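Undergrad: Construct the entire structure; sequences and hints are all you get.
Those protein sequence lines, which keep their order, are chains A and B.
Residue numbers for the first sequence follow our numbering, so the first one is 1 and each next one is one higher.
Residue numbers for the second sequence follow our numbering, so the first one is 1 and each next one is one higher.
Rather than coming from a laboratory, the hints here were simulated on the basis of the structure.
This structure is a prediction, so every number in the text was calculated from the model and none was measured.
Cβ coordinates follow ideal geometry from the N, Cα and C atoms, glycine included.
Some clues are possibly wrong.
Claimed, not checked - Derived list of chain A stretches under chain B, where covered just means 3 residues or more per stretch with a C-beta under 8 Å from a C-beta of chain B:
id, region
1, 112 to 122
2, 150 to 163
Said to hold, decoys possible - Counterexamples of contact, computed for chain A against chain B with all Cβ distances above 10 Å:
id, residue
3, L33
4, S99
5, A136
6, E192
7, G210
If you want the building blocks of each chain, they are given just below.
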Amino acid sequence: MSGDDAAVVPPVAARRGGRPAGRGRGALPRAGLQRRWVAALAVVLLLGGAALATVARPAREVSATAPAVGPAPLLVLDASALEGLDGPGGAVTVRATGSGPVLVAAGTAADVAAWAEGAATTTVARTGAGGALVAATSEGEPQVLDPAGSDLWTAQAAGTGSAELSTRPTTGAPLAVLVAADGATPAPTAVELVWTERPVPVLAWVLLGGGALLALLAARGLRRPARREPVVVALPQTRPATGPVTGPVTGPVTGPESVTARSPGPETPAHEDPARPDGAEPVLLRRPRGSERRRDRRSLR
Amino acid sequence: MRPTAVPRSVAAPRSAAALAVVGLLLAVVGCSTGSSGERATASEPVPAVVTAQVSRVLTAVGDVDPAALDGRFGGAELDVRRAAAAVRAQVPTAPEPAPLAGRVLMTAVPPTGEWPRWFVTALQPGGGAVPQVVVLEQAGPRDPYRAVAAAAVLPGVSLPDLARDGETAEPLAADAAGLLATPADALSGYADVLTRGDEAPAAASTADDALRTQVLSEQQAERDGVSEFVEYTAAHAPREGALWSLRTADGGALVLGVLSGTRSFTPRGVGVSQTLPPDLAALAGRADAPDGLEVRTAEVVVLHVPAAGAPAQVSLVAGARGTTGVEVR
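TA: So this is what it looks like as structure tokens:
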């Protein structure tokens with residue numbers, strides 16, 4: 001009858017609370033366990049997507065070959081040919097192959113240009129961002145000093161037949177690479193640039209999106225009220241402890257636990273039911289949909 | 001029991017989870033667009049040489065072939081070492097110039113720019129020797145860096161801290177202002193002091209030091225020894241193209257320069273002939289000088305010039321002296 005009674009929760013009261021009142025605090029209905037799993041899956045997806053997008057990005061090697069041009073003692077890979085291939089600060093490997101001594105040397109773009117001044121030089125540059133490599137040969141001396149060992153180079157690699165150098169800009173100045181044989185013979189023209197690209201894979205975005213969606217669902221689930229039927233509780237009718245069973249009780253039933261869920265109206269005649277001899281309407285205890293079968297210990301009494 | 005509102009224990013994890021998700025997504029987006037933190041900022045000046053190049057150069061200077069000194073030595077340093085080699089060929093007991101090798105104590109590299117390029121380094125040779133201040137210069141893009149001046153730090157003196165901008169040191173022009181004396185004036189003033197001693201006008205603003213005392217006393221001793229029969233003059237002047245200046249942290253300047261010294265012996269009267277000591281004889285190619293001779297030396301000096309208005313004098317930090325040649329008339 002009164003709203004404070006714990007036995008019956010009218011439908012209005014049931015929707016107000018986050019849990020059915022009267023249930024023990026900490027009772028985990030079945031919906032809660034599902035939400036836990038959803039949240040855990042969301043975390044896994046988010047972490048996996050984040051890892052794929054940042055540290056665990058798959059790398060793939062990309063190479064480009066410099067176009068071959070006429071014989072010149074020096075071949076210079078311009079700063080534009082080397083920049084931006086693996087993001088700022090990325091390393092580019094330059095491989096040169098030829099017959100005889102091969103030198104691949106790196107220095108600042110200004111230094112390389114200053115060293116090559118006056119000599120016939122093939123300059124390889126990139127036309128626009130992401131454009132193709134183009135080569136152009138300038139006029140000049142056909143023979144120069146051997147550039148190997150010059151103090152201008154920040155790094156160099158020399159070999160016979162082939163040489164390979166990995167460059168990474170260390171200061172703010174743009175880098176350029178010089179390829180030569182020994183200064184007296186034409187520079188090797190089989191020059192290859194190799195770098196690794198690490199694009200963010202589509203799978204990473206899919207994982208992140210799915211994880212975010214699941215996380216939202218799990219968070220919303222905490223707020224969404226459980227759909228439940230009105231809770232009705234079946235209880236035995238109280239009766240005096242002593243005295244014969246006299247028959248249907250005509251007056252209102254007294255006692256704190258014997259309030260019917262139905263609106264009080266004229267008493268409908270009860271069926272003669274041996275389990276419910278007083279003829280009151282049966283009041284059933286029914287759990288909300290979706291809750292666990294396993295009950296919490298502190299169940300309704 | 002009344003149905004309760006959403007307990008705080010449910011609301012708190014919910015907002016925390018939302019914040020965590022948002023933060024994670026932002027971090028991922030930020031990382032995946034690439035990071036440019038590895039490159040130095042474009043506003044910092046680019047040094048003429050990086051550490052790897054300095055190491056290569058110093059190694060090459062330390063390992064230079066004695067028969068091809070001009071590959072890694074130049075200027076006054078080459079003259080002094082060539083002369084020392086010539087003397088040692090005749091006088092095996094003559095002292096050998098100190099090798100320019102050892103632990104790098106300090107490197108001062110000006111920003112990259114036109115040629116000739118130079119940088120200064122301080123080396124600590126092993127065995128308790130005093131540190132050496134070395135100036136290395138590259139004449140052109142295809143030339144190697146050559147050691148053109150080297151001086152030993154005076155005992156009890158420490159090199160002043162240099163002003164740095166990132167990886168580079170700040171070079172000064174020969175007529176830089178804001179100092180007690182411009183670098184060129186400081187160098188020529190010191191040359192004057194070595195020539196005239198306390199009579200030089202710059203002597204008042206130049207602190208006393210061991211090199212000055214040694215040079216002046218030697219010159220005085222020579223003068224006293226030969227002046228009866230031989231006219232003796234000694235003069236020092238800054239060498240052309242051998243002046244390098246760097247800003248120090250206290251607003252002053254570190255001035256490195258080379259002075260050319262000439263001591264001439266001219267006999268008075270007829271019949272006066274001079275015999276040369278073994279080392280000068282080795283350089284001159286003969287043992288006597290009937291008509292007089294000139295002895296040339298090179299002094300490498302490193303001066304600390306204080307800022308204008310500072311209560312300090314120009315002081316010598318490192319110095320070296322070597323004979324470069326003898327010309328017999």
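Undergrad: Now, for every hint given, state plainly whether the structure supports it.
TA: These are the hints, each one checked on the structure:
1. 112 to 122: With 3 residues close enough to chain B, the hint holds.
2. 150 to 163: The restraint on the region 150 to 163 of chain A holds, since 6 of its residues have a Cβ under 8 Å from chain B and three suffice.
3. L33: Its Cβ never comes within 10 Å of chain B, the nearest being 15 Å, so this holds.
4. S99: 25 Å, holds
5. A136: 21 Å, holds
6. E192: Fine: 24 Å to the nearest Cβ keeps E192 of chain A off the interface.
7. G210: 12 Å, holds
Checked against the numbered hints above, the structure violates none of them.
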